[in-house]
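Since the structure of chain X is provided, determine the placement of chain C on it from the hints.
There are 2 protein chains.
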Amino acid sequence: MNRERVEKDFSWIERLKLALKKNRRDPSSRYFQLATIRPDGNPANRTVVFRGFGPNEEIQLISDTRSQKISELKQKQNAAICWYFSDTREQFRISGVVKTEPSRGSDLAQELWQKISEQARSQFYWPEPGHKFEELAQDFSSIDVNSSTPPDEFCVLRFIPTEVDYLLLRGSPQARFRSYRSENSWISNRINA
Amino acid sequence: MNRERVEKDFSWIERLKLALKKNRRDPSSRYFQLATIRPDGNPANRTVVFRGFGPNEEIQLISDTRSQKISELKQKQNAAICWYFSDTREQFRISGVVKTEPSRGSDLAQELWQKISEQARSQFYWPEPGHKFEELAQDFSSIDVNSSTPPDEFCVLRFIPTEVDYLLLRGSPQARFRSYRSENSWISNRINA
Numbered sequence: 001m002n003r004e005r006v007e008k009d010f011s012w013i014e015r016l017k018l019a020l021k022k023n024r025r026d027p028s029s030r031y032f033q034l035a036t037i038r039p040d041g042n043p044a045n046r047t048v049v050f051r052g053f054g055p056n057e058e059i060q061l062i063s064d065t066r067s068q069k070i071s072e073l074k075q076k077q078n079a080a081i082c083w084y085f086s087d088t089r090e091q092f093r094i095s096g097v098v099k100t101e102p103s104r105g106s107d108l109a110q111e112l113w114q115k116i117s118e119q120a121r122s123q124f125y126w127p128e129p130g131h132k133f134e135e136l137a138q139d140f141s142s143i144d145v146n147s148s149t150p151p152d153e154f155c156v157l158r159f160i161p162t163e164v165d166y167l168l169l170r171g172s173p174q175a176r177f178r179s180y181r182s183e184n185s186w187i188s189n190r191i192n193a
Numbered sequence: 001m002n003r004e005r006v007e008k009d010f011s012w013i014e015r016l017k018l019a020l021k022k023n024r025r026d027p028s029s030r031y032f033q034l035a036t037i038r039p040d041g042n043p044a045n046r047t048v049v050f051r052g053f054g055p056n057e058e059i060q061l062i063s064d065t066r067s068q069k070i071s072e073l074k075q076k077q078n079a080a081i082c083w084y085f086s087d088t089r090e091q092f093r094i095s096g097v098v099k100t101e102p103s104r105g106s107d108l109a110q111e112l113w114q115k116i117s118e119q120a121r122s123q124f125y126w127p128e129p130g131h132k133f134e135e136l137a138q139d140f141s142s143i144d145v146n147s148s149t150p151p152d153e154f155c156v157l158r159f160i161p162t163e164v165d166y167l168l169l170r171g172s173p174q175a176r177f178r179s180y181r182s183e184n185s186w187i188s189n190r191i192n193a
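Same order as they appear, the protein sequences are chains X and C. Numbering of the first sequence is given in this note's numbering, commencing with residue 1 and proceeding in unit increments. Numbering of the second sequence is given in this note's numbering, commencing with residue 1 and proceeding in unit increments.
Keep in mind that the hints were calculated from the coordinates and are not lab data. Computed from a prediction, not measured in an experiment: that's the story for all the values here. Here a beta-carbon is modelled for each residue, glycine too, at the ideal position from N, C-alpha and C. Treat the hints with care, as some may be off.
Unchecked claim - Partial chain C-side listing against chain X, Cβ under 10 Å, derived:
no., residue
1, R46
2, S185
3, N189
The shape of chain X in the complex, shown without the other chains:
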């Protein structure tokens, strides 16, 4: 990274795809933190797993419909991703809105359901997450986790980015760019780190 402003060449989505490639030996490079707003107006924050990109730089996730984040997103769609890549020392802070898509009638839900492991699938049949602990009484041998149809507890989250703050921690001074969506394109500016 040289010291010149390279705003015109800067594409956060290309950087992100490159970071995913460069950090692929680290399984946790596909995890990031998603902040949402609780009903009381306070922030919540948790680790989630990246499931793919869609049109318009959409970032796809999956969730249990019974999880807290779903009720939070129902009240307020705005969310903030923090995605840190420890090997390449890059951070993407992505603001946007999240659309929740039920599994019924969703091709994407069907597709993502096929891709997850049997163990990941079985969690959607576990007792209500966040509630007082119950033993897994259910006989899992009777559940067809290999069913091609996801259960109603499975849903897809489509995160639509509106603003991105990119920071490269290697080098001095550190390189930082702020990008925002303007109609169908992105405008980026180099800013002070």
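Structure of chain C alone, referenced to chain X:
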């Protein structure tokens, strides 16, 4: 982790200290994500560096007073930490309030300033973070980054936890505990993952 409820034995702070020890070969185990609320009510999220523990399970950070998080915390003290340890596959989601402490007259600020590297110190003399990019015109040779007195741009954040959601991803079912502060002690319950 056996399947019995072990609420009485569960201490999130002991688990957190153990996680820091077990994951110490990974430098990024000392980083976590801090979510705050923007003035517009939307969430912000960024990676920060853990600087130590204080009394009452206080989690200490440092910051530039000119950074966005400081103005956000001035408006709303509530924040949410997400701390994921990739080697041991443990997650701590910590809700709390953040107290900002200016460097002047703060023994803790003085102590933490001594501990950071010369490069980390020099950032507090860089141009206003988040503003339009400026070259580092300043002659750093004239700045005494070895001064024992931190500049006014340096401050300490004391994060006081009020609620913790702990998740151990190893094993099936996953173990999850929710803890909250009750007067001078903590109450923990095992909950469904």
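Hint by hint, here is what the structure shows:
1. R46: Hint holds; C/R46 Cβ to chain X Cβ min 6 Å, cut 10 Å.
2. S185: violated, 20 Å
3. N189: With a closest approach of 7 Å, the C/N189 hint holds.
The structure shown violates just one earlier hint, number 2.
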